[in-house]
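Student: Protein chains in written order, with the UniProt record's numbering: chain A, 1 to 337; chain B, 1 to 153.
Hint data in this document are derived by calculation from the structure and do not stem from the laboratory. Check each hint, because a few of them may be wrong.
Said to hold, decoys possible - With a straight-line Cα cutoff of 30 Å, these simulated DSS-like cross-link-like pairs (lysine-lysine) come out: (1) B:Lys-107 x A:Lys-333; (2) B:Lys-130 x A:Lys-333; (3) B:Lys-74 x A:Lys-236; (4) A:Lys-12 x A:Lys-45; (5) B:Lys-130 x B:Lys-74; (6) A:Lys-205 x A:Lys-317; (7) A:Lys-127 x A:Lys-53; (8) A:Lys-317 x A:Lys-281; (9) B:Lys-107 x A:Lys-281; (10) A:Lys-236 x A:Lys-26; (11) B:Lys-107 x B:Lys-130; (12) A:Lys-333 x A:Lys-4; (13) A:Lys-26 x A:Lys-53; (14) A:Lys-6 x B:Lys-107; (15) A:Lys-91 x A:Lys-127; (16) B:Lys-125 x B:Lys-107; (17) A:Lys-281 x B:Lys-130; (18) A:Lys-91 x A:Lys-26; (19) A:Lys-317 x A:Lys-12; (20) B:Lys-13 x B:Lys-107; (21) A:Lys-236 x A:Lys-53; (22) A:Lys-205 x A:Lys-236; (23) B:Lys-148 x B:Lys-125; (24) A:Lys-26 x A:Lys-12; (25) A:Lys-127 x B:Lys-13; (26) B:Lys-130 x A:Lys-6; (27) A:Lys-12 x B:Lys-13; (28) A:Lys-4 x B:Lys-74; (29) B:Lys-130 x A:Lys-12; (30) B:Lys-107 x A:Lys-127; (31) B:Lys-125 x A:Lys-243; (32) B:Lys-74 x B:Lys-148.
What the hints assert, rightly or not - So these bits of chain B aren't anywhere near chain A, every CB distance computed over 12 Å: (33) Asn-5; (34) Thr-9; (35) Asn-27; (36) Glu-31; (37) Asp-39; (38) Pro-50; (39) Glu-54; (40) Asp-60.
C-beta atoms are modelled at their ideal positions from N, C-alpha and C, and glycine is treated no differently.
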Amino acid sequence: MTGKLKTICSLKGHSGIVWNTSWHPKGQMLASCGEDKTIRLWNYKDGDKSTLKCLLADGHQRTVRAIAWSYCGQSLASASFDATIAIWDNKSGQFECNATLEGHENEVKSVAWSRSGSMLATCSRDKSVWVWEVWEDNEYECAAVLNAHSQDVKKVVWHPHEDILASASYDNSVKLYMEDADKEWTCVGTLSSHTSTVWSLAFDKTGDRLVTSSDDRTLKIWQKYLPGNPEGISVKDANFVYKCVCTISGFHTRPIYDVTWCHLTDLIATACGDNSIRIFKEEDLSDCNQPSFSCVSHVSEAHLQDINSVQWNPVVKGVLASCSDDGLVKIWKMEST
Amino acid sequence: MGLDNENPTLFEKSEERTVSEKDLDDNEAEEFDSREIFDLIRGITDPEHPLSLEELRVVDQSLIEVEDSINTVKVLFTPTIPHCSMATLIGLSIKVRLLWCLPPRFKISVTITPGTHASEHAINKQLDDKERVAAALENTHLSTVLNKCISTA
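So that you can see chain B by itself, here it is in the shape it has in the complex (with noise of 0.2 Å):
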């Protein structure tokens, strides 16, 4: 079988996050902002490269949003081409990667970057179903991918 997208544009890896001296202190209750949740979910690697999500710009910071004191988390993700058939997985390997991650207390939103990808709605709804994303998570076959891909997240 062969590649949706067999050369795809790769982009710049981002500095890492300065440590400030506020961070090393645990006494500081901190909010969560889009740096955080961005390096909880650059590494994953993408389904079809040995490539990161952030090479590949699949996500980029400027498109998580959160308000911790709500409890919500918003993450928009570009798929490569607009027929990507790996969208769904790339999708649930960020929800599964946030969800294992972050309080439960919050509620995660992944959603594919409006105007980016042929079956916008149909994959948006899928990934909003919190039954078939559990159901996903049970299926051996499915969860295999999912952790390879999450691994060097």
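Next up, chain A with everything else stripped away, as it sits in the complex (with noise of 0.2 Å):
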């Protein structure tokens, strides 16, 4: 399948840099965040009706780094340069901030809830990781401090459907996470290969699959492998490990800012710094320990700058959100041909 990628509408209304966008979990409404401290929600509508549903100005002193919603819906949590996680939710009506989370010594890069919504994880350029236990009544603790990186931690995404975490660094590597048999964090993995930033990572849609994006204009593909595996991957004592079967590159000729796997679609998506979306696709009959993806859709200049983030709508197939430092918001539709 080749397809087109087309804009469906052009959300304006923030100034300066956006960064971040999240697809509430059924799909009808959209977050971002920028440069203006300002959070939007988006009602989303087909064709060009989608309007804004709410401004959240005052949860953050700096830039709004990152947000993310709750896989309930419930919940949204965003991430800021001022070094705080605020956690947003309309229990009374209408939205408003009722937990800030403090603690990382200074910006606050990327923020992710568990797919049972029952952790929550950050990460700062102070080089941590944090595990935030969510309870009741807006109740969060912290579970632990992971100090893996040696550098800037990036992003923080959790696998879809078990309790592992992964992170991405500006020490070019990214690092998993699990709770060993005494309930503590640690860290079970380091995917090293990439050659600059790893600003980004997804998983597929089992979880089996990662994809990374780096400041060295590759991305790539990590393979889980459990104990004793017909391949013969090494596992030594771990309880899995992922290790790289496909380097994309030839394509970015930029930093690849973000990167997003569709769990209806398989499709991987792309923002990169040189103002282009593009889409890959795993080949038909391709091999699952060496697959090849194929470039299927590059929309050049899909943006007037640098393109920070692009997220895959999680309940309407091929309709994607991307944001740039051009201060708009664009939602795209992937048209078969």
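Once you've looked at the hints, go ahead and assemble the two chains, each given alone in its own frame, into the complex.
Tutor: Written as structure tokens, this is what we have:
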């Protein structure tokens, strides 16, 4: 399948850089955040009918770098350069900030909810990854401070089904974490292969694969192997390893700031500093231990400046949100040809 | 605290740009060239001395590359000594000056002239990280220092 990515609408409102977007799990609402310290919630409607639903302006003192909806759709978390994380919900009838998490020493770069909603992960330029336990009544307790990286941590994501956490860093590596038998969070794996900052990463729908995007202009696909695997990949004493099985190079001409793996269509989309959005698809009959991916769509000048984030809609097939230094949030649709 | 380089070598300033008739014609669309980029950054003050980056030959027109048609500007800068602790700050002041002055279509790269600084790679990586640059600009202390350096440009 090849296809064409078409703009459905362009959402104006932010002033300055828009850093991140997050789809509500029901797919009908999109949140965006940026340099103007605000979070905007947009109602998504097919066609160009999307509108601003709500503006959250009083949560942070500095750039809002990242946002994430919980899987239940009740809570929104925002991470800011002001070193805090804010938790928003609309239980009172309107969206308001009901908890502020403090502890990081400086800029918080990313935030992610675990699948069950019982945990939240955050990361910062202070080189640490924090795991927070979520209790009733907006109570959050720090369960672990993980210092596996030697530099700035750019992004955290959870495995789609298990309590496995992954983080990407300025130290060029990706780390994986799990709770051990004593319920202590520990680093259980390091993925080294990129030659510069790893900006982002995403799991596929099974969680058996991970895609990472880097300043080194490549994407890498990592496959999970369990002990005693028929391929004979060494797992040593670990529960699993992720091994790099494919490097996608020669497409991106500047840093790849974000990557998203669609759990409905299996398509991978990238946000690049060369103003382009690209869509990749695994080739038919591709060997899972040595897969091949082809670029099935490329929109050059998708935005007027660097693209910072791309997110597939979790419910509506082929719908993608992007945001850029140019101040816009755009919604795209993949049309089959 | 002592200065990193107490006795820097001074160089002459270049001549002012000659203004041609074509320059004054508003109907004439002109491409950016290395001289224009140089003019934007040569007056930046060194964080350590009351001297310009041009006088210290930290920036030089011959080390600026502009390709207007593909929207790229590449600036190499040369710290006065290989262990200069101010190199990141100098690079940041050049980068920020260009980010503020040039049309947003430009992709701006500011890196150390190869072989002229002990931490060349680490500094280049920091200056190339847009997120760190954005965060630095929101840091009150740092932005005060930067504004002071850039105010003379």
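Student: Indicate, hint by hint, whether the structure satisfies it.
Tutor: Hints, verified against the model:
Taken as a hint, the B:Lys-107 and A:Lys-333 pair is honoured in the structure, with Cα atoms around 28 Å apart against an allowance of 30 Å. The suggested pairing of B:Lys-130 with A:Lys-333 holds, with an alpha-carbon distance near 28 Å, which does not exceed 30 Å. The straight-line distance between the Cα atoms of B:Lys-74 and A:Lys-236 is roughly 47 Å, outside the 30 Å bound, and the hint therefore fails. Taken as a hint, the A:Lys-12 and A:Lys-45 pair is honoured in the structure, with Cα atoms around 15 Å apart against an allowance of 30 Å.
As the CA atoms of B:Lys-130 and B:Lys-74 are separated by approximately 15 Å, the hinted pair is consistent with the 30 Å bound. For a cut-off of 30 Å, the pair hint linking A:Lys-205 to A:Lys-317 stands: about 14 Å separates their Cα positions. The straight-line distance between the Cα atoms of A:Lys-127 and A:Lys-53 is roughly 35 Å, outside the 30 Å bound, and the hint therefore fails. The suggested pairing of A:Lys-317 with A:Lys-281 holds, with an alpha-carbon distance near 15 Å, which does not exceed 30 Å.
Restraint check for B:Lys-107 and A:Lys-281: the C-alpha separation of about 29 Å stays at or below 30 Å, so the hint holds. Note on A:Lys-236 and A:Lys-26: the hinted pairing is violated, with a Cα-Cα distance of about 41 Å set against a maximum of 30 Å. Distance restraint check for B:Lys-107 and B:Lys-130: the Cα-Cα separation of roughly 11 Å lies within the 30 Å cut-off, and the hinted pair is therefore satisfied. Simply put, A:Lys-333 and A:Lys-4 have alpha-carbon atoms about 8 Å apart, close enough for the 30 Å limit, and the pair holds.
A threshold of 30 Å between alpha carbons decides the hint, and for A:Lys-26 with A:Lys-53 the separation of about 15 Å falls inside it, so the pair holds. Annotation: proposed proximity of A:Lys-6 to B:Lys-107 holds, straight-line Cα distance about 25 Å (limit 30 Å). This hinted pair does not check out: A:Lys-91 and A:Lys-127 have alpha carbons roughly 34 Å apart, beyond 30 Å. Using a Cα cut-off of 30 Å, the hinted pair B:Lys-125 and B:Lys-107 holds, with the two alpha carbons roughly 15 Å apart.
In summary, the hint linking A:Lys-281 to B:Lys-130 is supported, as the alpha carbons are separated by about 29 Å, within the 30 Å threshold. With a C-alpha separation of about 17 Å, the suggested pairing of A:Lys-91 with A:Lys-26 holds against the 30 Å cut-off. Only pairs whose Cα atoms come within 30 Å are accepted, and A:Lys-317 paired with A:Lys-12 is accepted, the gap being roughly 24 Å. Of the pairs offered as hints, the one joining B:Lys-13 and B:Lys-107 holds, with about 28 Å between alpha carbons and a cut-off of 30 Å not exceeded.
For the proposed pair A:Lys-236 and A:Lys-53, the alpha carbon gap of about 51 Å is over 30 Å, so the pair is violated. At most 30 Å may separate the alpha-carbon atoms for a hinted pair to count; A:Lys-205 and A:Lys-236 meet this at roughly 26 Å. Between B:Lys-148 and B:Lys-125 the CA atoms are separated by roughly 24 Å; this keeps the pair inside 30 Å, and the hint holds. A distance of roughly 23 Å separates the Cα atoms of A:Lys-26 and A:Lys-12; the hinted pair therefore holds under the 30 Å criterion.
At roughly 43 Å between alpha-carbon atoms, A:Lys-127 and B:Lys-13 are farther apart than 30 Å, so this suggested pair is violated. As the CA atoms of B:Lys-130 and A:Lys-6 are separated by approximately 28 Å, the hinted pair is consistent with the 30 Å bound. Distance check on the hinted pair: A:Lys-12 and B:Lys-13 sit about 45 Å apart at the alpha-carbon level, beyond 30 Å; violated. Among the hinted pairs, A:Lys-4 with B:Lys-74 is inconsistent with the structure: their alpha-carbon atoms are about 34 Å apart, more than 30 Å.
A C-alpha spacing of about 22 Å is found between B:Lys-130 and A:Lys-12, which places the hinted pair at or below 30 Å, so the restraint holds. Distance restraint check for B:Lys-107 and A:Lys-127: the Cα-Cα separation of roughly 28 Å lies within the 30 Å cut-off, and the hinted pair is therefore satisfied. Taking the CA atoms of B:Lys-125 and A:Lys-243, the gap is near 26 Å; set against the 30 Å cutoff, the hint holds. For the hint pairing B:Lys-74 with B:Lys-148, the CA-to-CA distance comes to about 24 Å; that is within 30 Å, so the pair holds.
Chain A leaves B:Asn-5 outside its interface by the beta-carbon criterion, the shortest separation being 28 Å against a cut-off of 12 Å. For B:Thr-9, the condition that its CB be more than 12 Å from all CB atoms of chain A holds, with the nearest at approximately 34 Å. No Cβ of chain A approaches the Cβ of B:Asn-27 within 12 Å, the least distance being about 25 Å, so the stated non-interface status holds. Once the 12 Å rule is applied to beta carbons, B:Glu-31 is consistent with being away from chain A; the minimum gap is 19 Å.
Every beta carbon of chain A lies more than 12 Å from that of B:Asp-39, the smallest distance being close to 24 Å; the non-interface claim holds. Taking the minimum C-beta to C-beta distance to chain A, about 32 Å, the non-interface status of B:Pro-50 holds against the 12 Å cut. Against the 12 Å criterion, B:Glu-54 stays outside the reach of chain A, whose nearest CB is about 30 Å from its own CB. No Cβ of chain A approaches the Cβ of B:Asp-60 within 12 Å, the least distance being about 26 Å, so the stated non-interface status holds.
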